[in-house]
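There are 2 protein chains.
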Amino acid sequence: MDQEKRIHSVLSNKRSKGIELLQKLVQQPSRRGSEGEAQAVIVEKCRQLGLEIDLWEIGDEDLRNHPNFYSDRTNFSGTPNLVAVKKGTGGGKSIILNGHVDVVPEGNLDDWEFDPYSGVIRDGRVYGRGTTDMKGGTVSLLLAIEAIIAAGISLKGDIIFQSVIEEESGGAGTLAAVLRGYSADGAVIPEPTDMKIFPLQQGSMWFRITVKGKSAHGGTRYQGVSAIDLAYEVISEIKQLEKLRNQAIQHPLYDGIPLPIPINVGRVISGDWPSSVPDTATIEGRFGIGPEESMEQAIAVLKECVERMNGRHEWFRQKPMELELFGARWLPGVLPLNHPLLEVLSKNYEAIIGKRPLIEASPWATDGGYLSNIGNTPVVVFGPGKTEMAHDANEYIEIDKMMQAAEVIAMTIIAWCGVG
Amino acid sequence: MDQEKRIHSVLSNKRSKGIELLQKLVQQPSRRGSEGEAQAVIVEKCRQLGLEIDLWEIGDEDLRNHPNFYSDRTNFSGTPNLVAVKKGTGGGKSIILNGHVDVVPEGNLDDWEFDPYSGVIRDGRVYGRGTTDMKGGTVSLLLAIEAIIAAGISLKGDIIFQSVIEEESGGAGTLAAVLRGYSADGAVIPEPTDMKIFPLQQGSMWFRITVKGKSAHGGTRYQGVSAIDLAYEVISEIKQLEKLRNQAIQHPLYDGIPLPIPINVGRVISGDWPSSVPDTATIEGRFGIGPEESMEQAIAVLKECVERMNGRHEWFRQKPMELELFGARWLPGVLPLNHPLLEVLSKNYEAIIGKRPLIEASPWATDGGYLSNIGNTPVVVFGPGKTEMAHDANEYIEIDKMMQAAEVIAMTIIAWCGVG
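The listed protein sequences derive, respectively, from chains G and U.
Note that my numbering numbers the first sequence so that position 226 is 254, with each residue one more than the last.
Note that my numbering numbers the second sequence so that position 114 is 142, with each residue one more than the last.
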C-alpha cells in the first residue's frame with residue numbers, strides 16, 4: 029500500500045476520535061486569558077503522540093522589549109504557549125505547523141442557535157466558538173501528525189507543532205515562539221481559508237484619530253465647530269487614501285478582490301449631549317498593509333495623510349487632529365508564487381481533492397507575518413474553516429473539510445520533510 | 029423723591045448684600061438632584077422679605093401624568109420647588125418672576141480658572157457655575173422685590189416669585205408650579221439674554237436615530253454595510269431639512285440670526301471594534317422648534333423626514349432606521365410684539381439704561397413655554413447674564429448688569445402691577 033493510501037486509511041479510522049478531540053477543545057472556552065484548559069487538552073494529545081513538549085509561559089523581557097510586541101497584556105500566567113516537536117532522522121527540511129488556541133468572545137448569545145461552547149454536531153458540522161477559527165485547523169494538524177506516525181512513516185525533517193496564545197490580539201504567542209528560537213524551512217497555518225491557499229497575507233494596524241472642534245449651544249450651533257462634521261471630512265479623506273492605495277496594488281493574486289487592502293473605519297465616538305455642538309470626535313480604524321509593504325511604510329503613509337489635512341484645512345491649522353497607533357498590529361507576509369512549499373502543497377491538494385486549488389491573497393493577517401518577517405520561515409496559509417464564519421455567531425466547521433485538510437497537510441509534510 | 033430715584037437709591041445701598049447673596053447661592057452646587065441647599069438660601073431671603081412661602085416637593089400624579097412631563101427623574105425628595113408671593117392690594121395686574129435654581133454640571137475642572145463653586149469676585153464679575161445661568165438673574169428678581177418693599181411702594185397686583193428646579197432637564201419644576209395653580213397677567217424670566225429682550229422663544233426636543241448596517245471583517249469591508257457611512261447620509265439629510273425649515277422662518281425678529289431654528293447633531297456613536305465594519309450607529313440631536321410652530325407639528329416633520337429616507341433608500345427599505353424622541357422637550361413661546369408687557373419692559377429699560385433695548389428671538393427655550401402654553405401667562409425673557417457664558421467654563425456675571433436688571437425689573441413690576 030503506498031503512503032497516500034496508508035495515510036487515507038489511518039485518517040478514516042481516526043475520524044471519530046478527531047471529532048471528539050475538536051468537541052473537547054471547543055468545550056474549553058479559550059478566550060483571551062483563559063487559554064489554559066484548552067491548551068491542556070492539546071498538550072495531552074501531543075504527549076500521546078510522543079512529541080517532545082516545550083510548554084512555557086511567555087512574557088519575558090526579550091518579548092516585552094521586542095519592537096514588534098504590541099500587546100496590552102502583561103500577565104500571561106496560567107496560559108502557556110506550546111511547541112511540540114517530532115524530530116526527524118536528519119537531512120530533510122523542517123516544517124512548522126502553527127495553530128492558535130485563543131478564540132474571540134462569543135458575542136451576543138441570543139444570536140447563537142446552540143451554546144457556543146457545546147460542540148454540538150449537526151449535518152456533518154461541529155458548531156461552536158473556535159471551530160473554524162481555528163481549533164478545527166489545529167485538529168487537522170494533530171490528525172496529520174498522528175496519521176504519519178500511525179502509518180509508520182519516518183521523516184528526515186523535523187515537525188514543529190505550535191499551539192500558541194494571543195493570535196487574536198496581535199500574535200505575541202507566535203512572536204514568543206520565534207524569539208525562543210523556533211524556525212523552519214517552511215510553515216503551514218491552517219487558518220480558515222475555506223480550503224484555498226493563501227501565500228500572501230495582508231498586514232494591518234489600528235489607528236485612532238482625535239479631532240477637536242469647538243463647543244456651543246445647539247440653539248446657536250453656528251457659533252461652534254462640530255467635531256462630527258470635521259470627522260466626516262477626515263473619513264472622506266481616508267476613503268480617498270484607500271482608493272489611491274488600492275489602485276496601486278498590482279499583484280495578480282488580488283485580481284478578483286474588490287478592495288485588496290481596505291482601510292476600515294470601525295468606530296466613531298463624538299459628543300456627549302444632544303443639544304451641544306460636540307467638541308471632540310474619535311475615529312478608530314484598521315489600516316490594511318500590502319503584503320509587499322513594510323509596516324514602517326504604511327505608518328509613514330498614514331502620518332503623511334494626517335499631516336496633509338492638518339496643513340491644508342483652515343480649522344485643523346489652528347487645532348490639528350492627532351494620530352495615534354494603538355492596540356495590535358499584524359505584519360504582512362509574502363511567499364513567492366514559485367516557492368517550493370506552495371508547489372508541494374498545491375500538488376498534494378490536487379492529488380487528494382481532485383481539482384486545482386484556488387490560490388488567493390488573504391484579506392487579513394495571520395501569525396505568519398511573525399514567522400516569515402521575524403523568524404525567516406516561509407509561510408503558507410491553508411485551512412478547512414469557512415472564512416466568513418470566523419468571529420460570527422453559529423460558527424461551525426465541516427467535518428469532511430477538516431479531514432481533507434488533515435490528509436492534504438499530512439501528504440505535504442511527508443513530501444516536504446522527506447521519508448528516510 | 030420719585031419712585032425711580034427711590035428704587036435706584038435703595039438698590040445702590042443693597043449692592044453689596046446682593047453680591048453676598050449671589051456668592052452664597054453659587055457656593056451651593058445645585059446640580060440636578062442637589063438643589064436643596066441653594067433653595068434653602070432663597071427661602072430664607074423670601075422669609076426676610078415677608079413673602080408668603082409655598083415650598084413643596086414636586087412629583088405628584090397630576091404632574092407625572094401630564095402630557096408635557098418629559099422628565100426621566102421620579103424622585104424629587106429633598107429638592108423642593110418654591111413659590112413666594114407678595115400679595116397686592118387688589119385691582120392690579122399680577123406678575124410671575126421666574127428663576128431656576130438648578131445648574132448644569134461644571135464640566136472639566138481643568139478648564140476653570142477658579143473653583144466653579146467659589147463665587148470669586150474679579151474685575152466687577154462674580155465667577156462660578158450658575159452665575160449667569162441663572163442665579164444672577166434670580167438675585168436681580170429678589171433685589172427688585174426688596175427694593176420695592178424697602179422703598180415703601182405698595183402694589184395693587186400680586187408679585188409671584190418662583191424659584192424652580194429641573195429647568196435644565198426639561199422644566200418639570202415650572203410645569204409643577206403651573207399645575208399647582210400659579211398663573212398671572214405676565215411673567216419675566218431673567219435667563220441670560222445679555223440685557224436683550226426676548227419675546228419669542230425657540231422650542232426644542234431631543235431625538236435619537238438608530239441606523240442598522242451589516243457587520244463584516246475590516247479586511248473584507250466590502251462585504252458589510254458601514255453604519256457610520258449610513259449615519260453620514262442621514263446627517264446630510266438632516267442638514268437639508270434644517271436648511272428648508274430655516275428658509276421658511278419669516279418673523280422679523282430672526283432677521284439678524286444666521287440660523288433661526290437649528291437642528292443640532294450632538295452625539296454620534298458607532299462601532300465597537302477598529303477592524304470590524306460597524307453594524308449600528310446612533311445619532312442624537314436637538315431639533316429646534318419655531319416659536320409659532322407646535323411641538324406636534326415639529327414631531328410630524330421629523331417623522332416624515334425619517335420615513336422618506338426609509339422609503340427612498342435601497343438599504344433602509346430592508347433595514348429601516350428608527351426614530352425615537354427621548355429626554356427633555358421644551359415648548360416654544362411667543363409674545364406678540366405689541367403686547368403691553370413688552371411695551372412696559374422696553375420703556376423702563378430705555379428710561380434706566382438710556383438707550384433702546386435690543387429685541388430679539390431667543391436661540392433656546394426657557395420655562396416660559398410652560399408658563400405661556402400651559403399656564404396662559406404671557407412671558408418675556410430678559411436677564412443680566414451673558415448668553416455665551418451659560419454652560420461654559422469660567423462662567424461669570426457682571427455685577428453692574430445684575431444691578432441694572434434689578435432696577436429695570438423693579439420699575440417694570442411697579443408699572444405693571446400698579447401702585448395703590
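Keep in mind that the hints were calculated from the coordinates and are not lab data.
Be aware that a few hints might be false.
[Claimed, not checked] Derived EDC-like pairs (lysine to aspartate or glutamate); straight-line CA-CA distance at most 16 Å:
1) U:K375 - U:E32
2) U:K347 - U:E261
3) U:K52 - U:D143
4) G:K115 - G:E80
5) U:K267 - G:E332
6) U:K184 - U:D213
7) U:K347 - U:D213
8) U:K242 - G:D420
9) G:K242 - U:E32
10) U:K224 - U:E371
11) U:K242 - U:E342
12) G:K242 - U:D82
13) U:K240 - U:E371
14) U:K242 - G:E342
15) U:K242 - G:D307
16) G:K242 - U:D139
17) G:K242 - G:E342
18) G:K331 - G:E352
19) G:K240 - G:D139
20) G:K267 - U:E416
21) G:K267 - G:D307
22) G:K240 - G:D213
23) G:K240 - G:D222
[As the list claims (entries may be wrong)] Computed footprint of chain G on chain U; a stretch qualifies when at least three of its residues, placed anywhere within it, have a C-beta under 8 Å from a C-beta of chain G:
24) 30–42
25) 81–89
26) 163–169
27) 313–323
Ideal Cβ positions, reconstructed from N, Cα and C, are used throughout, including at glycine.
Outcome of the hint check:
A threshold of 16 Å between alpha carbons decides the hint, and for K375 of chain U with E32 of chain U the separation of about 13 Å falls inside it, so the pair holds. This hinted pair checks out: K347 of chain U and E261 of chain U have alpha carbons roughly 15 Å apart, not beyond 16 Å. For the proposed pair K52 of chain U and D143 of chain U, the alpha carbon gap of about 14 Å is at most 16 Å, so the pair holds. Straight-line distance between C-alpha atoms of K115 of chain G and E80 of chain G comes to about 8 Å, which keeps the hinted pair within the 16 Å bound.
Proposed proximity of K267 of chain U and E332 of chain G is contradicted: the alpha carbons are some 31 Å apart, above 16 Å. Restraint check: the Cα-Cα separation between K184 of chain U and D213 of chain U comes to about 13 Å, which is no more than 16 Å; the hinted pair holds. For the suggested pair K347 of chain U and D213 of chain U, the alpha carbons sit about 52 Å apart, so the restraint of at most 16 Å is broken. At most 16 Å may separate the alpha-carbon atoms for a hinted pair to count; K242 of chain U and D420 of chain G meet this at roughly 12 Å.
Between K242 of chain G and E32 of chain U the CA atoms are separated by roughly 44 Å; this puts the pair beyond 16 Å, and the hint is violated. Annotation: proposed proximity of K224 of chain U to E371 of chain U holds, straight-line Cα distance about 14 Å (limit 16 Å). A C-alpha spacing of about 14 Å is found between K242 of chain U and E342 of chain U, which places the hinted pair at or below 16 Å, so the restraint holds. Among the hinted pairs, K242 of chain G with D82 of chain U is inconsistent with the structure: their alpha-carbon atoms are about 42 Å apart, more than 16 Å.
Simply put, K240 of chain U and E371 of chain U have alpha-carbon atoms about 53 Å apart, too far for the 16 Å limit, and the pair is violated. Between the alpha carbons of K242 of chain U and E342 of chain G the distance comes to roughly 35 Å, so the proposed pair goes past 16 Å and is violated. Under the criterion of a C-alpha separation no larger than 16 Å, the hint pairing K242 of chain U with D307 of chain G is inconsistent with the structure, at around 29 Å. A C-alpha spacing of about 14 Å is found between K242 of chain G and D139 of chain U, which places the hinted pair at or below 16 Å, so the restraint holds.
Note on K242 of chain G and E342 of chain G: the hinted pairing holds, with a Cα-Cα distance of about 14 Å set against a maximum of 16 Å. Of the pairs offered as hints, the one joining K331 of chain G and E352 of chain G holds, with about 9 Å between alpha carbons and a cut-off of 16 Å not exceeded. A C-alpha spacing of about 37 Å is found between K240 of chain G and D139 of chain G, which places the hinted pair above 16 Å, so the restraint is violated. Proximity of K267 of chain G to E416 of chain U is assessed by CA-CA distance (about 37 Å); at most 16 Å being required, the pair is judged violated.
Between the alpha carbons of K267 of chain G and D307 of chain G the distance comes to roughly 23 Å, so the proposed pair goes past 16 Å and is violated. Distance check on the hinted pair: K240 of chain G and D213 of chain G sit about 50 Å apart at the alpha-carbon level, beyond 16 Å; violated. Under the criterion of a C-alpha separation no larger than 16 Å, the hint pairing K240 of chain G with D222 of chain G is inconsistent with the structure, at around 44 Å. Using a Cβ-Cβ cut-off of 8 Å, 0 residues of the stretch 30–42 of chain U lie near chain G, which falls short of the minimum of three, so the contact claim is violated.
Given a C-beta distance limit of less than 8 Å, the hint that chain G covers the stretch 81–89 of chain U is violated, as 0 residues qualify and 3 are needed. Only residues whose C-beta sits within less than 8 Å of a C-beta in chain G count toward coverage, and the stretch 163–169 of chain U has 0 of them, not enough to reach three; the restraint is violated. Counting residues of the stretch 313–323 of chain U whose beta-carbon sits less than 8 Å from any beta-carbon of chain G gives 3, enough to reach three: the coverage restraint holds.
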